[in-house]
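> Protein chains in written order, with this note's numbering: chain G, 56 to 480; chain X, 56 to 480.
Misleading hints may appear alongside valid ones.
Copies of one chain are not kept apart here, so a pair can be met inside one copy or by any two copies together.
Under the rule of at most 30 Å between Cα atoms (straight-line distance), these lysine-lysine pairs were calculated in the DSSO-like manner [claimed, not checked]:
#1 LYS262 <-> LYS398
#2 LYS225 <-> LYS415
#3 LYS334 <-> LYS422
#4 LYS439 <-> LYS173
#5 LYS354 <-> LYS262
#6 LYS253 <-> LYS367
#7 LYS334 <-> LYS415
#8 LYS400 <-> LYS439
#9 LYS476 <-> LYS439
#10 LYS173 <-> LYS186
#11 LYS439 <-> LYS334
#12 LYS334 <-> LYS86
#13 LYS439 <-> LYS186
#14 LYS476 <-> LYS186
#15 LYS253 <-> LYS225
#16 LYS422 <-> LYS63
#17 LYS422 <-> LYS476
#18 LYS262 <-> LYS374
These aren't lab readings, by the way, just hints derived from the structure by calculation.
Number of protein chains: 2
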Amino acid sequence: MKLSEYSKAELSAFLDEQQTLLSEYKSRGMKLDMSRGKPSTEQLDLSNEMLTHCLDGDHFSESGIDCRNYGVLDGIYEAKRLFMEMIGVGRWEIIIGGNSSLQMMYDVLAKAMLLGVKDSPKPWCKCEKVKWLCPCPGYDRHFAICEAFGIEMIPVPMLSDGPDMDMVEKLVSEDEAIKGIWCVPRYANPTGVVYSDKVVTRFANLKPAASDFRIFWDDAYCVHDLTDERANILNILDECKHAGNPDMVIIFASTSKISFPGGGVAIIGASEENINFMKAQMAFQTIGYDKLNQLRHAKFFGSYEGILRHMKKHREIIKPKFDAVLEALDREIAPLEIAEWSKPKGGYFISFDGPDGTAKRVVALCKEAGVTLTGAGAAFPYGKDPRDRNIRIAPTYPSLEELKQAIEIFCVAVKAATAEKLLEG
Amino acid sequence: MKLSEYSKAELSAFLDEQQTLLSEYKSRGMKLDMSRGKPSTEQLDLSNEMLTHCLDGDHFSESGIDCRNYGVLDGIYEAKRLFMEMIGVGRWEIIIGGNSSLQMMYDVLAKAMLLGVKDSPKPWCKCEKVKWLCPCPGYDRHFAICEAFGIEMIPVPMLSDGPDMDMVEKLVSEDEAIKGIWCVPRYANPTGVVYSDKVVTRFANLKPAASDFRIFWDDAYCVHDLTDERANILNILDECKHAGNPDMVIIFASTSKISFPGGGVAIIGASEENINFMKAQMAFQTIGYDKLNQLRHAKFFGSYEGILRHMKKHREIIKPKFDAVLEALDREIAPLEIAEWSKPKGGYFISFDGPDGTAKRVVALCKEAGVTLTGAGAAFPYGKDPRDRNIRIAPTYPSLEELKQAIEIFCVAVKAATAEKLLEG
């Protein structure tokens with residue numbers, strides 16, 4: 056029965072029931088965490104060999120570079136080869152960086168502000184205003200970078216096949232203060248949305264008012280499938296070249312959720328001219344990134360196919376966790392018809408939309424009962440969900456047993472918060 | 056006999072002799088490199104164990120953090136402990152970063168430009184002009200960062216015990232556009248100068264017109280002694296605190312020339328308030344640096360004493376190289392009384408001052424004969440040595456045999472260029 060059809064008395068009884076359960080959970084003093092998209096210990100164990108025998112007595116690249124010494128600003132070739140196919144670029148269109156793609160995004164944006172990107176009429180910090188499009192729900196750390204730099208964020212609704220492109224096209228063509236957009240094209244954080252071919256081509260064919268507009272294409276989950284149907288999105292760089300906009304996109308990726316978060320390598324892909332421009336800027340910043348770690352990755356994975364094989368092992372570990380969350384939601388919440396949620400085919404999150412005005416309350420109730428969730432509103436610019444309904448669920452880190460407990464508590468919290476809301480109204 | 060006392064005929068004969076030698080070298084088709092301060096293969100081999108068995112089955116920090124996963128923005132404690140004594144700061148006064156101290160300097164300066172440092176009235180990019188003091192000869196990559204950001208560089212002469220402090224005090228107290236100064240306080244690049252106690256205390260007691268003036272204290276060679284007399288300079292952070300200027304200094308260091316260049320860890324030291332301010336800025340940029348590499352370093356070196364023991368092994372390898380260069384200069388150049396050079400007790404360089412107007416010519420002659428030197432003028436802002444006399448010699452990378460050949464050629468080139476100059480005049 057739908058919760059909206061409950062009588063007031065039934066609702067009160069229902070709420071009492073949930074509150075009793077919550078008090079019980081609370082008394083158990085549990086500490087469960089569904090807040091961040093972190094791999095579990097079991098997943099990290101998959102790459103342990105990389106830490107030990109990978110470089111035994113051999114620290115030279117194929118071309119004879121001693122990876123222990125200075126040099127090679129843009130990364131060793133075998134690391135490039137490993138990731139070129141993964142992000143769909145050629146050998147002159149890639150930079151292998153440090154341990155964090157987030158840091159590379161921050162850096163590219165910081166340099167855009169201070170120095171400008173290729174073809175910038177002037178550094179962005181000299182513009183009166185810089186604005187950025189933010190499809191949401193989206194990734195909180197993307198939005199935080201804009202906030203740090205005082206870039207005005209414009210929310211764009213996320214539809215089932217990507218951002219609302221009517222709105223994107225209209226805004227970028229009209230306002231030259233809009234310098235870019237955040238995109239997670241595959242298994243988007245947190246919605247799991249995979250951009251359709253139509254959306255990708257519309258991106259590639261944008262006619263921005265700003266001559267130095269950039270699409271920040273964060274392909275963070277490019278090999279993070281949860282099913283056998285691999286999400287083969289259109290190649291954005293190819294599409295941009297074809298549309299005469301070769302320099303409009305910068306692709307980012309990393310092995311944070313392939314090998315080790317914080318101990319992996321980050322990757323930038325773009326047109327050769329963009330890459331050369333970025334390398335020229337980077338040459339002032341560093342002599343080079345950690346080639347030993349690049350070599351570790353190249354030796355451990357061997358090839359792009361090696362990465363895909365490795366990701367199947369990740370999937371075997373995390374798929375049951377996604378299933379456990381989705382089963383609980385189907386069983387506990389679906390019959391009440393009070394919420395919707397994503398059923399992702401990849402990535403790291405489930406995006407949950409409850410009734411308007413309940414998300415903060417659900418997060419607070421969960422916290423009291425021992426379950427940490429990502430803060431309500433985190434997936435929106437400035438942390439403000441206008442409808443206070445979205446919650447990001449991250450199922451990967453806890454053990455399956457802990458996760459089952461956590462999602463049970465989550466469902467009770469959703470029921471309680473919804474009943475409270477209905478009784479108020 | 057002094058070269059200046061040669062008759063014109065003697066000089067011509069002398070020059071002919073050198074030119075004959077240079078032609079001979081040229082015909083041998085050698086490729087020798089004294090251009091960059093790179094450790095040699097033998098030095099890198101000292102740390103090979105770090106690449107293999109260091110993390111065998113144990114990737115947890117002392118406090119139980121799994122270094123394979125996200126988190127710990129400012130670095131694991133055992134890495135902090137390792138470097139606190141090295142750079143002379145306490146546990147709340149240190150950040151362990153990525154693989155490059157140069158990148159951390161660039162980043163701190165980039166954020167100063169975009170966001171400001173602690174107590175900045177406004178971001179530096181909003182100032183009409185930003186100026187920076189550059190003791191020279193100095194480190195080319197320091198100066199390049201200023202150049203990248205359009206910061207006006209003011210050269211300050213390097214004296215035998217540090218920068219000309221009369222000039223530094225006068226300039227910083229008078230001009231609020233001057234926001235900072237580059238310092239390499241120990242075995243300075245390239246002069247080998249060690250700052251005297253007097254110089255360090257004068258730095259700590261500066262009264263800058265700019266309220267957010269910063270000393271960038273790049274202690275790159277803090278444990279890179281070439282003799283038993285360790286250069287124990289005064290602790291700049293202690294002195295700054297004592298003088299009531301606790302936030303004026305930011306210390307940088309790295310293990311690039313301790314473990315692996317590009318595969319080491321970088322370190323920032325500063326007052327606790329400065330560190331907290333920087334951490335708050337960094338939180339937007341990254342989730343954390345590579346803790347696995349931090350753990351490798353902590354396990355491999357064990358303690359600060361372990362680092363000092365390790366550096367003795369480096370010294371055994373590179374001291375004979377410095378000696379070979381100095382012996383050749385003493386033998387070949389000293390009797391002619393045409394040049395001066397540093398006799399460093401540590402660091403990576405010998406700074407050579409030939410007759411005015413000869414440095415570029417010497418570098419060119421060497422190049423023709425197969426010896427690559429750092430470009431003449433590199434040690435000065437904008438690459439411009441006003442007297443065109445300074446050359447930076449980097450003896451560490453070539454083998455001893457190669458180095459002996461290279462310095463032989465260098466001496467002949469110096470003789471030739473000087474004779475040419477004298478014949479012109």
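> When no copy is named, should LYS262 and LYS374 be tagged within, between, both, or neither for a Cα gap of at most 30 Å?
Classified as neither; 40 Å inside a copy, 62 Å across copies.
> As a check of your reading, is LYS225 near LYS415 (CA-CA no more than 30 Å) within one copy, between copies, both or neither?
neither (33 Å within a copy, 57 Å between copies)
> How would you classify LYS422 and LYS63 at a CA-CA limit of 30 Å: within, between, both, or neither?
So LYS422 and LYS63 pass the 30 Å test inside one copy only (27 Å; across, 91 Å).
> Go through the copies and call it for LYS476 and LYS186: within, between, both or neither, with a Cα cutoff of 30 Å.
neither (36 Å within a copy, 59 Å between copies)
> Please sort LYS334 with LYS422 into within, between, both or neither, judging by C-alpha distance up to 30 Å.
For LYS334 and LYS422, the Cα distance is within 30 Å only across copies (27 Å; inside one copy 45 Å).
> Could you place LYS334 and LYS86 in one of the four classes (within, between, both, neither) given a Cα distance threshold of 30 Å?
The answer is between: 27 Å across copies meets 30 Å, while 45 Å in one copy does not.
> Is the C-alpha distance from LYS334 to LYS415 at most 30 Å within one copy, between copies, in both cases, or in neither?
Close across copies (28 Å), not inside one copy (44 Å); limit 30 Å.
> Is it within, between, both or neither when you check LYS173 against LYS186 at 30 Å Cα-Cα?
The answer is both: 18 Å in one copy and 26 Å across copies each meet 30 Å.
> At most 30 Å between C-alpha atoms: does LYS253 with LYS367 qualify within a copy, between copies, both, or neither?
Only inside one copy: LYS253 and LYS367 sit 28 Å apart there, 63 Å across copies, limit 30 Å.
> Measure nothing new, just compare the shortest in-copy and cross-copy C-alpha distances for LYS476 and LYS439 to 30 Å and report within, between, both or neither.
within (19 Å within a copy, 72 Å between copies)
> With identical chains, the pair LYS354 and LYS262 could be close in the same copy or across copies; at 30 Å between alpha carbons, which is it: within, between, both, or neither?
neither (42 Å within a copy, 54 Å between copies)
> Go through the copies and call it for LYS253 and LYS225: within, between, both or neither, with a Cα cutoff of 30 Å.
within (16 Å within a copy, 64 Å between copies)
Checked against the numbered hints above, the structure breaks hints 1, 2, 5, 14 and 18 and satisfies the rest.
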